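Between the sequences and the hints, there should be enough to build the whole structure, so can you do that?
Note that the protein sequences, when read in sequence, are chains A, B and C.
Numbering that gives the first Met the number 0 numbers the first residue of the first sequence as 0 and each following residue consecutively.
Numbering that gives the first Met the number 0 numbers the first residue of the second sequence as 0 and each following residue consecutively.
Numbering that gives the first Met the number 0 numbers the first residue of the third sequence as 0 and each following residue consecutively.
The set of hints was computed from the structure by calculation and includes no laboratory data.
Careful, some of the hints might be misleading.
[To be verified] Quick partial rundown of chain C residues pointing at chain B, CB under 10 Å, derived from the structure:
1. S17
2. L21
3. S75
4. P105
5. V122
Source: prediction; values computed, not measured.
We treat Cβ as the ideally placed atom computed from N, Cα and C, and that holds for glycine.
Here are the chains, one letter per residue:
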Amino acid sequence: MLLTKIKEALNSLYEDIQAEPEAAEAAETEAKAEEAAPEAQAEESKPVEQEEGAEAEAAAEPPPPPGPRETDYKAKGYHLDVDLPPEKVVAAAEILNRENFFIEAITGVDWIDDQQLEVVYDFNHFDELCRVVVRTRLDRNNPEVPTISHIYQGANWHERETHDFFGIIFTGHPNLEPLLLPEDADFHPLLKDFKA
Amino acid sequence: MNGLLQQDLNQETFTINLGPQHPATHGVLRVKLVMDGEYIVEAEPVLGYIHRMHEKMGENRTWAKFLPNCGRMDYLSALSYNHGYVAAVERAAGIEVPERAEYLRVITVELNRISSHLLWFGAFVLDLGGFTPLLYAFDDREQILDLLESVTGSRLTYCYFRFGGVYNDIDDSFITGTREFIKRLRKRMPMYDALVTKNVILIKRLKDIGPISKDMARRYGATGPVARGSGINFDVRKHEPYSVYSEFDFDIPVYEEGDSMARYMVRMDEIEQSMRIIEQALDKLPEGEIQPKKAVKLVKPEKGDYYHAVEAARGSFGVRVVSDGTNQAYRLKLRSPTYSNLSLFGEASRGMLLPDALALMGSLDLVIPEIDR
Amino acid sequence: MTFGLACCAIEMMATGASRFDLARFGAEVFRPSPRQCDVMIVAGTISKKMEPAVKTLYDQMPEPKWVIAMGNCAISGGPFVFEGQYGIVEGADKFLPVDVYIPGCPPRPEALIEGILELEEKVTGFRRWPRVEAK
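Put into structure tokens, the structure is as follows:
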């Protein structure tokens with residue numbers, strides 16, 4: 000099935016992510032799973048808001064291993080939730096392009112309390128229903144993420160719009176000029192601290 | 000010397016502006032064209048002339064106060080946009096919709112789809128130079144507008160849906176009026192066929208003009224009749240059925256050629272399919288409430304983000320709702336289909352003659368306020 | 000000149016079509032070029048990006064010229080005015096002299112016809128269609 004196939008393909012991107020905390024804290028991970036849980040939670044507590052509900056009850060359980068998460072389609076509207084660091088986004092887009100997904104939307108969310116900007120990519124498939132959401136979190140004061148417009152040309156405009164609204168720099172984008180705002184606009188309206 | 004002059008003339012390209020003020024069909028779109036004589040070397044659409052800050056308003060208004068905005072985004076198929084937003088919030092807040100309300104939603108949305116395609120038909124042929132079909136199309140469209148006005152109260156920018164249902168019930172005059180209208184339109188469709196579709200001039204203007212391949216549609220995320228005219232069998236109503244669409248028996252017209260004629264035929268066939276859906280919905284219309292028993296007073300979805308897609312007249316309209324548990328959205332993303340459809344215009348129009356590029360633009364069915372949101 | 004920017008443009012087209020038929024009043028000739036027009040019907044929201052273009056078009060019209068503001072957006076910004084708005088001009092009369100205001104969102108075709116008859120009365124002093132009194 001497409002969902003399992005794409006989940007396995009995207010899981011390969013996480014191999015070195017899982018490896019890093021293991022390399023750094025080699026002794027701790029296996030044996031002290033419970034002690035590592037609040038520590039890993041402190042690191043991962045910023046990102047995904049879906050885990051916040053699980054956080055309260057995960058105090059006793061270890062957090063789920065990083066990787067693509069299957070979500071309840073009826074409740075959420077998408078099937079796979081993939082949380083990645085910014086440098087892995089291009090690789091994920093390449094995997095999805097190989098499997099003939101199409102790009103639905105790219106947008107940003109301003110988490111001002113966490114001082115982070117989140118970029119959300121929506122992908123869908125024409126033949127079999129499988130909606131994949133790729134997320135990445137960026138530092139609010141220096142938001143940079145590589146562009147995927149060489150893989151998906153439709154992303155060209157989506158990224159320009161996200162740059163317009165949030166000020167996120169997509170490195171490698173051919174022309175990151177304002178699309179919806181006037182050409183000389185230097186403000187980013189959808190930031191939470193924007194004052195007209 | 001003649002050779003030198005020829006060389007200079009051939010190398011000269013000039014930049015010209017198309018818009019932003021058009022004859023009022025599309026809206027305010029400006030296209031920067033770099034032309035070599037009559038051929039387009041590069042076309043770059045410039046947007047933003049009708050940017051009305053819908054997404055920012057989503058964060059500044061409560062969930063219910065955003066409803067009037069939905070109708071103003073794409074005013075030609077405003078009910079689909081209502082539907083997309085309301086369904087997304089209902090998914091987020093877990094609100095159930097009674098069955099009669101779902102059927103009413105489907106009937107009104109499909110009527111709206113027919114009126115949108117009729118207006119597209121008239122405006123498209125007007126772009127190509129034929130004035131008469133516009134008047135016939137508007138005549139049929141006025142009938143639909145009368146029907147919908149008796150139910151919703153507005154002619155163009157509807158705000159008929161509420162969270163959990165609709166706000167006004169239909170009566171028998173609406174049902175008989177709709178059936179009469181369908182009978183009348185069915186008789187008129189062969190007339191449109193003979194007048195326009197089989198017209199030699201139209202066929203010459205549209206056949207093999209503006210080919211869009213399947214891969215191009217996929218890379219740009221084009222959906223709706225633009226994708227279905229290129230052989231992609233993708234319609235949100237069948238692909239991920241929402242509301243009560245799974246109860247109806249209808250086909251999805253798909254044409255393989257990928258040229259403007261194919262996109263034209265897809266939309267004309269969709270009018271017939273919408274009429275089929277309306278007839279079946281009227282036959283199966285159940286009795287019942289149009290609002291849930293436990294009235295929805297205050298909508299406060301749980302924290303998290305949710306996505307819902309519906310099939311608008313122009314493609315797959317998606318709404319991404321990021322909620323933080325309060326009575327306002329934290330972030331509301333509106334994925335408009337025409338945005339993705341227009342983004343392929345730059346690549347698709349390379350090397351075309353200018354009138355052919357206009358035919359391509361008309362066949363993409365653009366509504367600019369929907370792109371600019 | 001039809002300055003159809005947004006939703007009101009569709010009602011303007013419907014007024015020119017066969018049911019409401021603006022041609023009865025001699026106002027059918029819609030010309031996109033400003034050089035040949037007397038009246039500019041501003042129909043729709045004017046965004047800050049579009050404002051210079053509207054002003055240019057108005058300046059290009061030869062005297063005598065009039066402006067009809069059609070729809071709530073052209074009168075005062077319409078439903079898109081909120082605190083902290085950054086993108087639209089709140090009404091055509093911020094930079095153009097408007098003669099007739101037609102409220103509505105969008106105004107019905109009958110309202111547009113009434114607006115054109117009002118303008119005719121303002122221009123010529125003579126109203127050719129009896130005014131409908133509310134009872």
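Each hint, compared with the structure:
no.: 1; hint: S17; verdict: holds (5 Å)
no.: 2; hint: L21; verdict: violated (12 Å)
no.: 3; hint: S75; verdict: violated (14 Å)
no.: 4; hint: P105; verdict: holds (5 Å)
no.: 5; hint: V122; verdict: violated (24 Å)
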